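Asker: Each chain is listed here by its residues.
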Amino acid sequence: MSWTRPRAALVATGLALAVALAAGGVARADRRDEAWRRGNDAYLHGDYAGAVAAYQELDREGLVSADLYFNLGDAYYRQGKLGRAIWSFERAAALEPDDDDARYNLTQARKMADRRAHDKIEGADHDPIWMRIVTGLGPSTETWLFVAIYLAFFGALASRLLRRRAGEHTRALLGAAAAILGVVALLSGALLAGRALLDRVPFGVVLPDVVAVKEGADTNYRTSFELHAGLRVRLLEHDQEWLRIRLPNGLEGWVREQEIGAL
Amino acid sequence: VSRAHRLPTALLAALATTLIAPSASAQAPSFLSEVDRNQVAPGEVFTYEVTLNVADNRVESYRPPDFKGFKVVEGSRDPNRQMHMQIGGGGTFIQNSLSWRYQLTPAAGQKNGVIAIGGARVQIDGREMRSNVVNIRVGGGAPPPPLAAGAVPAAPPAAAAGEAPPLSSAPAGSFIRVVADRPRVFVGQQVTVGWYLYLTQRPDKYETITEPRTDAFWTEEMPAANGQNRLSLTPEMVGGRLYQVGALFKKALFPLQPGRLTISPLEAETAQVDFFGSAMRSQRLKAEPTVIEALPLPKAGQPAGFEPSSVGKFTLEARADRSAVSVGEAVTLTVEIKGQGNIRNLRAPKLPALDGWKGYQPKETVTIDPGEPISGSKLVEYLLLPERAGTTMIPSFELPFFNPETQSYAVAKSEPLRLEVTPDASGRDHLAAGPAAGAPAAAAGAAVENVITAEIRPIRAHPAVSRDLGVTFYRSRFFLGILLIPPFGLALGSLAGRLRERLGQDTQRNRRRRVRQMVRQRLGAAEAHRQAGRASAFYIEIDRVVRDVLAARLRRPVAGLRMDELRELLLQRGMPAAEASRVIDELEACDLARFAPGTDDAGSPRMNNALERAGDLIVAIEKMPLRDEAPV
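Top to bottom, those sequences are chains A and B.
With the first sequence counted from 1, adding 7 to any position gets you my numbering.
With the second sequence counted from 1, adding 37 to any position gets you my numbering.
Mixed in with the good hints, there may be bad ones.
[Stated by the list, open to error] Just a few of them, taken from the derived set where beta-carbon distance is under 8 Å, the chain B residues facing chain A:
#	residue
1	V96
2	Y99
3	P116
4	Y397
5	Q398
6	K400
7	L420
8	R497
9	A498
10	P500
11	D505
12	A528
13	S531
None of these hints come from the bench; they were simulated from the model.
Since the model is a prediction, treat every value here as computed from it, not as a measurement.
Every residue gets a Cβ at the ideal spot worked out from N, C-alpha and C, and that includes glycine.
The following block holds chain A by itself, in its conformation from the complex (with noise of 0.2 Å):
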């Protein structure tokens, strides 16, 4: 077989443009890890502004990172911002449930900030059974499972589709194994698809120590009530530089956008 012209200049085109993505890939991978460093330096040395500036950079890239959002947690922390502290610390133990060093750390500050003030929320609601459910595995997990699960139970029907010459035992335990496989991915996605509905119900965490919370979205409406940092709030709507939040007990409000820290 020989190669024509335009084929070998299609080959080499491609070849040029994955050898380009993948160094453009490597590049900015070398940046986020200099970007961490400088992180992890300024913090050890005490700069914890610096720390928490080069955090925030990744931050700021899209970068999902438990890792990140705990060591931006402590940067907080130490600057005794607890508000910050505590949002950080909620995004790492969202990403990562079984995390101990962030559940730990997110207990800290929040026992920190319950020093400071505490919000007694008044007939809170508790979060609904799916939501509980949902959040007790990481995105991470629930992703990986679910595809895992995916893939064997179209592996499994690939096979009995392939094997039409295989004895009927064989076509009768790939059959079963298609069977069971596919009603496990069908749990696993609806888990996944309550992470993703959950995801359309966003949360945040108040950020400032003290938060007016204003009647509607401007600062001459009547301040309803305060509330502290570290609160876990609902967010409902958003309006220009305001958002709309409710507290568990049903209590509504509008705050600024930069008093919370979106989960």
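Chain A is fixed; fit chain B onto it per the hints.
Answerer: Frame of chain A; chain B shown alone:
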């Protein structure tokens, strides 16, 4: 009867009028004397009011008390009249309310003691009624001192919330009255300003058009009798005219700078509405601008660290929620400032840096009592975390302030606090390297304890940042697309299998398709042999392709048959004799050419002809109707 007792009485009267209407006409008239206070200082003005409630009785010959021992500052000759009418319950019931109001002050030279004001008299349907006697105690309070030149005047007696101070004269129509309790104050000192609406007719609708601007002042809202756009009006006689008076709002203002500071006028609109709620007559009212003179704070005697917002009268207290703690346990240090003045704007003294302690941002809580003057408290809570064992003295907090009443500076101070920090309960040793600079020194010879407090867990210092691929993948736009690949692949595979199966079936159409495919391959190979000059291989291919086509058509192998057997078979299956001879001739020609190689050169016309003939022959065999083999 004091004013405080008047409200229940009035309410009862109203209830009686409204609910027990049939008996209202028969109710006996009431004739009451009231004062706004029972104790006055010499020179102090108070209000005496006589109220008569009657049905449709004839009222005549009203005579006020003689007011012996008092001077009448202002008094009304004609009563203020109000009529309540109720329709229903079997008739129309009317109640008239007449009141006479007097401003009195103890007469000059009047000795301290209790003075009785005798009852007023009136003739009702020819019968004389007398109101109750009211006792007034003169003395026990200090008269307002005369103003010194340049001094800030003291506030007049405070009016009840929502009630305007008395007015002696008024313009003819409706108007807005602005009342400031002081015309001249120091910077930072409170001046209370109230806005009152005086209306000649009760409106159906009220709306504030422009609120007064108080840009040069720090403002605290004070409770007024009325909410926004809701008026509660009370009748009041001013200069012999009856007005409906309503308090709009009241503010405590604290000048932020010296000079003549102007409060812009309030503008409002009142309207009468018709049966359908449409405005019939509207009226715009505008208050006069109000000027407050703010005096600068004196420079003489101003203490160091004085903040211009610290004007008023304050006390300061500092306390800790515990005096002894372990390392790592938090202490809440509270600094409380109480007093009168602009508490909200007050700057609290700062906590100095404490060695061996970690401090967090303080939390401030302000509680305002919106009375006159404004008072309240400011709590500043510091959360402190000891890092080392030892004794720490927290120095006293100081708040220098200017007291406008005494017109002097003063300093509010708290007591210093002593905090003992013990090693934590775990009993771990102090830092082995010794305490940090400034830390309390360990006793000579005592073991050094290294206390490690419960802290957050350290950062993750891997050389490279890890990325959560699962979440990145799940949140990427490719996720759903990738999920669709397996089902599509499976569907395509299944489709391909079915197609393949279908094509593999032994139908006439499939046989023809396979034969055509085979013919194309064989003739292609023969052509390649012809071009390469391989004559023997060329004829073998031609022979094979013709036999394979025959085998496919006859649905039986023909490879092992002799020529005569093949002819016989072809004829049996219905091939015309000429065509059968043509097939046999062609095959024999191939045999001949195969076994006599060397006679043909590459690309010779003979091989070309053989190729063309073979092609024509194959087409003819394909089109020829042949019978299937007869069953045995």
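Asker: Check the structure against each numbered hint from earlier and tell me which ones fail, lowest number first.
Answerer: 1, 2, 3, 12
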